[in-house]
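Trainee: Protein chains in written order, with my numbering: chain A, 1 to 178; chain B, 1001 to 1741.
Source of the hints: derived by calculation from the structure; they are not laboratory data.
Hints are not guaranteed to be accurate.
To be clear about the criterion: a stretch of chain B counts as covered by chain A if any three or more of its residues have a C-beta under 8 Å from a C-beta of chain A, and this derived list gives those stretches [to be verified]: (1) 1003-1014; (2) 1655-1669.
Partial list, derived from the structure: chain B residues whose beta carbon lies under 8 Å from chain A [stated by the list, open to error]: (3) 1024; (4) 1027; (5) 1117; (6) 1131; (7) 1135; (8) 1371; (9) 1674.
With the Cβ distance kept under 7 Å, some of the chain B side facing chain A (calculated, not the full set) [what the hints assert, rightly or not]: (10) 1220; (11) 1271; (12) 1273; (13) 1642.
The structure displayed is predicted, hence computed values, not measured ones.
Ideal placement from N, C-alpha and C gives every residue a C-beta, glycine not left out.
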Amino acid sequence: MTDHTITLTINGIERLVETDARSTLLDLLRERLQLTGTKKGCDHGLCGACTVTIDGERVLSCLTLAVSIDGSSILTIEGIADDDRLHPLQRAFLDCDGFQCGYCTSGQISSAHALLHEHARGDLSAASFEPPGGNVVDGPDILSDNEIRERMAGNICRCGAYPNIVDAVASCLRDGRP
Amino acid sequence: MTAQIGRPVNRVEGVEKVTGSAHYTADTPIPGVRHAVLVQSEVSHGHVAAASLEMAARQAAEAAGVEYVLTSLNCPPLNHIPRDLTWDLPFERRPPLSDLTVQYRGQHMAVVVADTLEHATQAASLMRLEYQSSPAVLTARDASDTYQPDHFVKLTEEKLQDRRGPHDEPDGKIVSALFTTPENAHYSIELSATIAQWDGDHLTVHDSTRWISGERRVLAAYFGIPVEKIRIIAPLVGGAFGSKSFMWMHVALCAVAARAIGAPVKLVLTRDQMFTSTGHRPPTEQTLRLVADDTGRLTSIEHHTTSATSMVAHFCEPAGLSTRFLYQTPRLVVSHTVARTHTPTPCFMRGPGEAPGLFALEVAMDELSYVIGVDPVQLRIANDAHEDQTNDSPWSARHLLDCYRQGDQRFGWNERPTAPRSLRRNGVQVGWGMATATYPGRRMPAGCRVTTANDGHLTFASATHEVGNGVRTVMCQIAADSSGMPLGRVSFASGDSSFPEAPYSGASQTTAAVGSAVYLTAQQWKLRVLTLAAHELHCATTTLDIRDGMIVGPDLTRPGIEVGEILAGFTTDLREQLNFACASTGAPDSGPVSQSFGAHFCEVEVDEEIGRATVTRWVAVMDCGKVINPKLARSQVIGGITFGLGMALLEQVPYHPGTGHPLGEYYVPTHADVPEFDITFIDSADTHLTPMGARGIGEIGVCGVPAAIANAIFHATGRRLRDLPITLEALMTPFDLEEIR
Chain A
1 MTDHTITLTI NGIERLVETD ARSTLLDLLR ERLQLTGTKK GCDHGLCGAC TVTIDGERVL
61 SCLTLAVSID GSSILTIEGI ADDDRLHPLQ RAFLDCDGFQ CGYCTSGQIS SAHALLHEHA
121 RGDLSAASFE PPGGNVVDGP DILSDNEIRE RMAGNICRCG AYPNIVDAVA SCLRDGRP
Chain B
1001 MTAQIGRPVN RVEGVEKVTG SAHYTADTPI PGVRHAVLVQ SEVSHGHVAA ASLEMAARQA
1061 AEAAGVEYVL TSLNCPPLNH IPRDLTWDLP FERRPPLSDL TVQYRGQHMA VVVADTLEHA
1121 TQAASLMRLE YQSSPAVLTA RDASDTYQPD HFVKLTEEKL QDRRGPHDEP DGKIVSALFT
1181 TPENAHYSIE LSATIAQWDG DHLTVHDSTR WISGERRVLA AYFGIPVEKI RIIAPLVGGA
1241 FGSKSFMWMH VALCAVAARA IGAPVKLVLT RDQMFTSTGH RPPTEQTLRL VADDTGRLTS
1301 IEHHTTSATS MVAHFCEPAG LSTRFLYQTP RLVVSHTVAR THTPTPCFMR GPGEAPGLFA
1361 LEVAMDELSY VIGVDPVQLR IANDAHEDQT NDSPWSARHL LDCYRQGDQR FGWNERPTAP
1421 RSLRRNGVQV GWGMATATYP GRRMPAGCRV TTANDGHLTF ASATHEVGNG VRTVMCQIAA
1481 DSSGMPLGRV SFASGDSSFP EAPYSGASQT TAAVGSAVYL TAQQWKLRVL TLAAHELHCA
1541 TTTLDIRDGM IVGPDLTRPG IEVGEILAGF TTDLREQLNF ACASTGAPDS GPVSQSFGAH
1601 FCEVEVDEEI GRATVTRWVA VMDCGKVINP KLARSQVIGG ITFGLGMALL EQVPYHPGTG
1661 HPLGEYYVPT HADVPEFDIT FIDSADTHLT PMGARGIGEI GVCGVPAAIA NAIFHATGRR
1721 LRDLPITLEA LMTPFDLEEI R
C-alpha cells in the first residue's frame, strides 16, 4: 500500500524501481539499489554528504522524496568516472589530498562536478558581487577561491580538508570558462 | 632506493574514496538485514511508566513490517562490564535497558526492528512514553555530587591533582580569571552505524568503531561469551575525533536484537542521536591564576577545572594537565573536579584537556604579557620550560623555541603594534594573536602480521582503524622502507579483530604505536628473507640487503635478484616462515619525555557593527618528531586548526538550560570560514619514542587554536573574551574601552 513503482535513469541506466512513498532518494539509493557511494551524514539537509545530480542540477538526496522525481535522470558518485578513468576532479581530489576520512567526499565531488557545469553556464553566486566585481551578467570567467568557497559552502568536511578541496576544484577551472 | 618515509604519497585508499566505492560500516551488504531504530528518553531524570512502555511496545509491534520491539521489559539481562573499563574510562556502568530509570535525556528506551528503515522509523514514532520526572541536575554548577579523580585514564603519572613548590602564593603581578568552554560535539560526518549478526553463539559486529579490541572485550563481558567468539569489523571509519569508541550502548542493543530475532540487524544513529549517545566534550569552568615578577618570570600558576560527567559513567576533562609543564614555574597548583549531572555521558574529543585547557592558560599568558608590558612571544620564551618539571626529566627532541622563532618570522609578527585596536583594514578591526600548542607523544603496545604472496607482495595487517588519519598510507611507507620493498609491493589492512591487536585510534599515537609494530615486523621479514636467501645463494646474511625489491650484495654474481624470484625457489614450508606476527612495546618507561609542541599565529578581522570575527591568516609551526608523510601531515594539522576555529567561534551544543532539550543546530566550520594556511614542521626525529622518529600529529593542531583566536580578537578590539564560543553577542555587547588600558 505504501509501495510505488517509479522509473529512474541512474548513471545512464534506466530502471523500474519499487519504493516506499516515504522513502528519500538517499535511502532508496543506499538501501534498495545498493548504490552506497552516496552518504548519509545528517538526513536533514545540513551537511551535503548526500549531494547528487537530478536532471543536471545538484540536490540533496536526503531532502528528496523518491516518488517526487519519477522519470528523472540521476547522476551519483558512481557515475562520475568514465569506467576506470577518473574524472579530472577525482584525480585532483586525490592529488590535492582533498579528503581525510573520505565520508563527505562523494558529496563534495558531486557538488564540485555540478559547480563546473554551473560555472560553464554562467551561474552567479553571492561571491560574484564582491569586490573587485566581475561579470555579473554572463557570470565570471575565472572563479576566484572565494567563489569556489561560496559555491562549495553547502558541503561540510569535519576533517577540515577545505583548502585542499578548493585547490582541487581550482585546478579543474584553471583554463577559465569553456 | 628512494626512501618512502618523508614523501608526500597520496592516500592508498584514495581512489575508492573519490569514486564512491570506499566501504564504511553502513555500506556493508548483508543479505536479509533488518533495520533498527532507537527510541530515546525525552526527560533528563525520572522513571518511565512501565504500563506506558508495555503499551507503546505493543502498539509498535503491531505496526507494518515490525518484527521485534526491545525495551527494558523484555531485554535479557546483560552482565556488568569489568571495573577496569568503567572506573577511569568513559564506559557506562549500567548495562543498557537494565531498569526503568532515566538518567539523561536521550537515554535509549527501546529498539524497534522492522523489515525496512521506513517501517522501523514509522513504528518507533508511535512509541509515546510517559515518564515520572524527577528534578534534574543539568549543569556542574548546580551539582552537589562532585569528586576529584586522581589521574587521567590509565596514566597514573598524569596527575589531575598536583602541586609543587611553596604553599603560599608569592607577591607579584597577577592575572586571575574564570574561563568557560561549552559542550562540544565531535560531529563526524559518518553517523555511527552497527550491523550485528549471530551465527550460533558467534557474534559478528560491523561497527564504525575506533577501538576494535576494546569493543570486543566489552561485548564479551555483556554477553558472557569468550572474546574468541566475537569478531569486530570496522572497514573505513568516517571520522571519529574521539567518538566512536568506549563502546556506546546502541552497539550492545543491536547485538541483543539480532540474537532475539535470529537475523542480522542494522542500526544507524540519527544526527540528533549522535549528540546524546556517542559522547561529547563536556563543558568546563576553569580558574586560571598566574603570578609573575616584574620581568614576567612566572612565580606561580594555579589552574582549577570543573567539568561535568553523567550519572552512569566517569569522565574528567583534564584541562590542567599541560599547565603542569608548559612553562617553568617554582609553584604550581592544579586541580580537577568532576560533577555528576543528568546529562549524557561525555568522552574524549580531539585534544581532550589540551583544547579547553590551553584556551585558559594561553589567554591568561596573553593577559600577562599586557600586564607586564612584554611581547607575548617573548613572554613565552622567557618562561620556557627547559625540562619537564613534573618529574625533573629532560625532553626528547624538543624544539619549541624554534617554533616560536620560525612562526614569528613567517607571520611577520615583529610588525605587530602592541596596543589593541591598532590595526584596521577595509572598515573592520584587525588583530594578531598567538598561542603555544602541546600534546603528549604517546605510544601503546601494538601488533602486526605480515603475509607474503608468492609474487613477493606483502600485506601487513593490524586491528587498527582508518579513521581518516592516513594510517593505511603511512604504514605502507614505513613497511616499504623497513622491508626494502617498493611502495607498490606492500599493502596495509586495518579494521578487523582477526588481525593482531592494536590500541584505540586516539591519543595521537597510531603512527607511533602501530608504526613501530609495522617497522619491527617488516624488519624481521627482511631478516628472514635474507637468511633464507643467503642459504640459497651461498653467502653470508650480513652481506645481503633488500633495496627496491631486489636482493643485493657484493658477493652476488648478479647486480640484484628480485625478491619474487628468490621466493619462487623456496618450498612451501620456507615461504610459510614469511607469514608471521610481531608485537611492539609501549613507550619506554624511563629516559627523556616525548612531548610535541608548536606555535600558532593568526590574524582575525572583526566587523564590530555586525559582530563577526573572520580568521584570515594562519601560521603554524609544529614540532612533532619526524614527519612520515608531509602531505597528509599538513592536511591533519590544517584539520586540527579548523576544528579549533570551530571551537573558538561557532561550536556549542545548545541545550535549554531548564529542560535539557536541544535547541537549534550545531555549527561547524564550512568552506567559508577557513583562513589561508602556512604550515611548517620542524621535522626532527624523536628516536627515543619510536624507531622511525615519529610522534603523533592528530591532535596538536587543535591545541592552542581557540586561545590564538581569542588573543587576536583582543588585539583587534580590546575585548578580553574568556567564554567559548565567541559569539556575535559577545562581540557586540557594549564595553568600556578604558577598562582594558
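Trainee: Run every hint past the structure and note whether it holds.
Mentor: Going through the hints against the structure:
no.	hint	result
1	1003-1014	holds (count 4)
2	1655-1669	holds (count 3)
3	1024	holds (6 Å)
4	1027	holds (4 Å)
5	1117	holds (6 Å)
6	1131	violated (26 Å)
7	1135	violated (32 Å)
8	1371	violated (34 Å)
9	1674	holds (5 Å)
10	1220	violated (28 Å)
11	1271	holds (4 Å)
12	1273	violated (11 Å)
13	1642	holds (3 Å)
In terms of the numbered hints stated before, the structure departs from hints 6, 7, 8, 10 and 12, listed from lowest to highest.
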